[in-house]
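As a plain string of letters, each chain reads:
Protein chains: 2
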Amino acid sequence: MDASQLDLVLAAMAHPSRRRMLDLVSSVPGMSVTAVASHFDVSRIAVMKHLRLLETAGLITSRKKGRVRHLFFNPIPIQLVYDRWTTQYAGFWAGRMADLKTRVEGRAEKEELKSA
Amino acid sequence: MDASQLDLVLAAMAHPSRRRMLDLVSSVPGMSVTAVASHFDVSRIAVMKHLRLLETAGLITSRKKGRVRHLFFNPIPIQLVYDRWTTQYAGFWAGRMADLKTRVEGRAEKEELKSA
DNA sequence: TTGATATGTAACCGTTAGGTTACGTGTTGT
DNA sequence: ACAACACGTAACCTAACGGTTACATATCAA
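If you read the sequences in order, they're chains A and B.
Counted from 1, the first sequence has number 9 at position 9 by the working numbering; the numbering is strictly sequential.
Counted from 1, the second sequence has number 36 at position 36 by the working numbering; the numbering is strictly sequential.
Bear in mind the hints are in silico, worked out from the structure with no lab data behind them.
Just to be clear, a hint being listed does not mean it is correct.
Claimed, not checked - Label-pair ranges, simulated between beta-carbon atoms: (1) A/Pro29 - B/Asp83: 23 to 29 Å; (2) A/Ser4 - B/Val68: 31 to 37 Å; (3) A/Ile76 - B/Ile76: 23 to 29 Å.
Unchecked claim - Derived list of chain B stretches under chain A, where covered just means 3 residues or more per stretch with a C-beta under 8 Å from a C-beta of chain A: (4) 7-17; (5) 71-85.
For each residue, glycine too, the CB sits at the ideal point set by N, CA and C.
Using the sequences provided together with the hints, build the complete structure.
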């Protein structure tokens with residue numbers, strides 16, 4: 001996944017309505033656009049635009065059957081984002097954990113000395 | 001972390017320049033605003049705005065010492081996002097993994113039968 | 001066949017994101 | 001003292017976001 005794809009995925013997730021839509025579609029695979037729209041206060045057109053963004057980001061796929069577009073959740077981009085973050089900040093996590101551990105242990109030692 | 005905080009963090013991460021800024025600040029703790037800006041083509045003002053967003057999202061903190069603002073990376077929000085996503089989609093991951101495992105195992109069995 | 005249904009397109013509108021330049025304020029080094 | 005420096009604020013611009021209404025198209029069901 002390149003940077004621009006990462007942008008798309010993160011931007012798509014950065015909207016509460018779109019996260020709710022992901023929840024809906026992942027819990028009811030094959031859900032229609034209208035069915036999704038029925039859970040929101042905004043117009044169906046607005047919902048369609050959100051869904052288009054989600055599909056562009058690769059977070060949902062869709063197949064049209066007759067007059068109904070069936071929606072499916074695709075978790076792969078999220079997993080890729082996870083991998084990226086964890087590897088990118090792995091060193092920092094480790095370092096920070098180590099620092100924290102050291103400090104906590106240091107304080108614990110002081111406390112022990114004080115009480116001794 | 002509430003939904004609006006999640007919005008802030010995801011939106012802040014959804015820009016390649018801001019991700020690069022996080023990389024910079026995490027690799028050089030205490031870095032100044034000007035030092036960060038020197039790594040980008042856009043104006044210092046634009047960089048300041050990005051940094052303000054990052055700070056609002058809680059991804060960086062800053063302390064001013066004299067005329068210099070020192071920046072520090074804060075990984076906590078990222079961990080919270082991570083936790084939220086993993087728990088929210090945990091069931092789905094498990095199900096999908098199981099599906100994949102079943103299919104892979106099914107194909108493996110077929111392959112074994114074929115070669116047998 | 002024909003009316004209801006599901007989706008899609010087009011045009012528009014207000015707000016915000018992301019950028020600029022100009023200028024102001026406080027701090028530091030010589 | 002004062003020039004250079006680091007940061008901050010203000011005003012402005014353009015494009016994209018998120019929403020609307022109106023209309024068009026295609027499919028299903030009675």
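Quick rundown of the hints versus the structure:
1. Range check, proline 29 of chain A to aspartate 83 of chain B: about 25 Å between beta-carbon atoms, so the 23 to 29 Å window is met.
2. Between serine 4 of chain A and valine 68 of chain B the C-beta distance comes to about 34 Å, which sits within the given range of 31 to 37 Å.
3. For isoleucine 76 of chain A and isoleucine 76 of chain B, the Cβ-Cβ distance of about 27 Å falls inside the hinted range of 23 to 29 Å, so the restraint holds.
4. With a cut-off of 8 Å between beta carbons, the region 7-17 of chain B has 7 residues touching chain A; three or more are needed, and the interface restraint holds.
5. Counting residues of the region 71-85 of chain B whose CB lies closer than 8 Å to any CB of chain A gives 5, so the stated coverage by that chain holds, three being the minimum.
Hint violations for this structure: none, all hints satisfied.
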